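Colleague: So the number in our numbering is just where the residue sits in the sequence shown, counting from 1, plus 19.
Each hint should be verified, as a subset may be incorrect.
[To be verified] Below, computed lysine-lysine pairings styled on DSS-like, alpha-carbon distance capped at 27 Å:
(1) K214 with K133
(2) K339 with K248
(3) K190 with K250
(4) K387 with K339
(5) K231 with K155
(6) K231 with K214
Since the hints were derived computationally from the structure, they do not count as laboratory data. Please read these numbers as outputs of a predicted model, since none were measured by experiment.
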Amino acid sequence: MKSFDIERYKTTDRYTLKELAEAYRAGTVNEKSNLIEELSKEDLIPASLARIILQDKNPEPRRTLARHSPSLTLEDNEGEVNLIEIMLKDADELTKCSLYENPNFSPRMEYFAKATPIERLAMVRNPRVDMELISKIYDPEDKEISLSDADRTELVRAFCSNREIVTETNKDIFDHEDFMDAAFNVMSYGDLWEKALKWLDRNNEIVRLTIKTFGTRDSKAVTAYESLKDKKHAPLRKAIFENPAVQQTDYQKAYQYLDLLKAGLTDEDEWIRYICIATHPALSVEEVQKIIESKKKWEFRGLMFNRHLSVESMALVSDKLKEHDDLYQSEIRTFRDRYEAAQATQTGAIARAEEIVLEAVESKDPNKILAAKTDLLEKNLSAARQDLQKIKSEMLTGPTVFWYVVGGVIVLQLLRGCSS
Numbered sequence: 020m021k022s023f024d025i026e027r028y029k030t031t032d033r034y035t036l037k038e039l040a041e042a043y044r045a046g047t048v049n050e051k052s053n054l055i056e057e058l059s060k061e062d063l064i065p066a067s068l069a070r071i072i073l074q075d076k077n078p079e080p081r082r083t084l085a086r087h088s089p090s091l092t093l094e095d096n097e098g099e100v101n102l103i104e105i106m107l108k109d110a111d112e113l114t115k116c117s118l119y120e121n122p123n124f125s126p127r128m129e130y131f132a133k134a135t136p137i138e139r140l141a142m143v144r145n146p147r148v149d150m151e152l153i154s155k156i157y158d159p160e161d162k163e164i165s166l167s168d169a170d171r172t173e174l175v176r177a178f179c180s181n182r183e184i185v186t187e188t189n190k191d192i193f194d195h196e197d198f199m200d201a202a203f204n205v206m207s208y209g210d211l212w213e214k215a216l217k218w219l220d221r222n223n224e225i226v227r228l229t230i231k232t233f234g235t236r237d238s239k240a241v242t243a244y245e246s247l248k249d250k251k252h253a254p255l256r257k258a259i260f261e262n263p264a265v266q267q268t269d270y271q272k273a274y275q276y277l278d279l280l281k282a283g284l285t286d287e288d289e290w291i292r293y294i295c296i297a298t299h300p301a302l303s304v305e306e307v308q309k310i311i312e313s314k315k316k317w318e319f320r321g322l323m324f325n326r327h328l329s330v331e332s333m334a335l336v337s338d339k340l341k342e343h344d345d346l347y348q349s350e351i352r353t354f355r356d357r358y359e360a361a362q363a364t365q366t367g368a369i370a371r372a373e374e375i376v377l378e379a380v381e382s383k384d385p386n387k388i389l390a391a392k393t394d395l396l397e398k399n400l401s402a403a404r405q406d407l408q409k410i411k412s413e414m415l416t417g418p419t420v421f422w423y424v425v426g427g428v429i430v431l432q433l434l435r436g437c438s439s
């Protein structure tokens with residue numbers, strides 16, 4: 020099939036409609052499907068072409084039309100083409116599946132009740148699937164839809180592959196266009212973890228799939244985590260921290276699960292502690308020092324991979340790198356590069372803070388002067404603490420320790436001599 024100009028078919032007449040029909044008939048199966056997809060992107064499928072596609076003996080073009088057509092009701096001078104009505108009667112099961120997965124079609128309970136097991140798996144992959152239907156699938160006490168535990172597990176697994184809904188659950192409040200959008204998100208997807216936990220100890224696979232895949236609010240995540248403290252639920256606790264939404268490296272998004280990360284810092288599982296340390300966006304200098312003093316290699320490695328440490332905390336980590344021979348040189352180089360970049364940023368911030376003080380003094384505004392000087396003082400104090408830590412580290416390492424002790428002995432002897 021020769022390439023065609025999509026703009027040409029935005030305004031159709033008998034000539035261009037005939038041209039499209041002939042192009043379709045002359046194409047291979049793949050070329051026909053490609054033509055349908057290209058026209059669907061611009062919602063340009065004419066009713067006359069849809070009639071030809073629906074009569075095609077090969078089901079592949081019908082599947083493509085069912086999956087991608089934005090308009091499910093088409094009209095022209097010859098009448099209406101209702102794709103839903105026609106395709107639900109199609110003998111090809113995958114054509115019906117394709118329709119059920121079309122994001123412009125919303126699968127509801129009435130369709131689910133009549134659908135085959137395979138068609139139901141297509142429905143739960145649709146980004147506009149009725150969430151009341153999903154609630155019934157998750158409900159272990161539901162009697163309205165006759166499903167075995169194995170059926171429900173299979174449907175939940177398919178639902179977890181619904182990328183659009185997974186993305187929606189992973190949004191924080193700042194990702195939404197407005198308050199109503201955020202409220203709709205919470206109402207629609209906010210209790211998936213709660214629904215899954217109803218299956219705890221009856222079908223833990225449903226629990227694992229859900230908490231590993233979908234996002235939730237921090238408070239609900241903490242509640243779920245606390246309910247899984249029993250040793251036998253250790254794999255489920257790990258599933259929480261395997262969730263990509265929890266393992267965020269973006270500073271703002273990491274705060275989305277701050278309380279959960281705090282709770283996981285003391286978990287008995289080494290890997291969970293590592294994830295929490297590596298992801299935590301607000302570890303204090305004191306907490307970093309405590310982690311270093313624990314001398315646990317995976318926790319130290321977590322600090323190395325944490326992209327939110329202050330320069331002062333990074334200095335503490337940098338001073339202990341030589342004590343960990345289990346680290347790869349590439350890991351050490353990456354950390355040192357980030358540390359040097361952070362130091363340069365801090366230096367630049369101090370220089371800018373000094374400029375702001377001068378500007379404030381020139382303005383003669385006492386409030387601006389006080390705010391600017393306070394900001395400069397805080398930045399200088401942070402840098403001073405870092406330098407002090409470096410000096411302490413240098414004093415108490417290598418041969419310096421020996422001379423430090425010798426000097427102390429000599430001073431003590433002199434003091435004793437003076438006292439006598």
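Colleague: What are the numbers of the hints that this structure violates, sorted from low to high?
Modeller: 2, 3, 4
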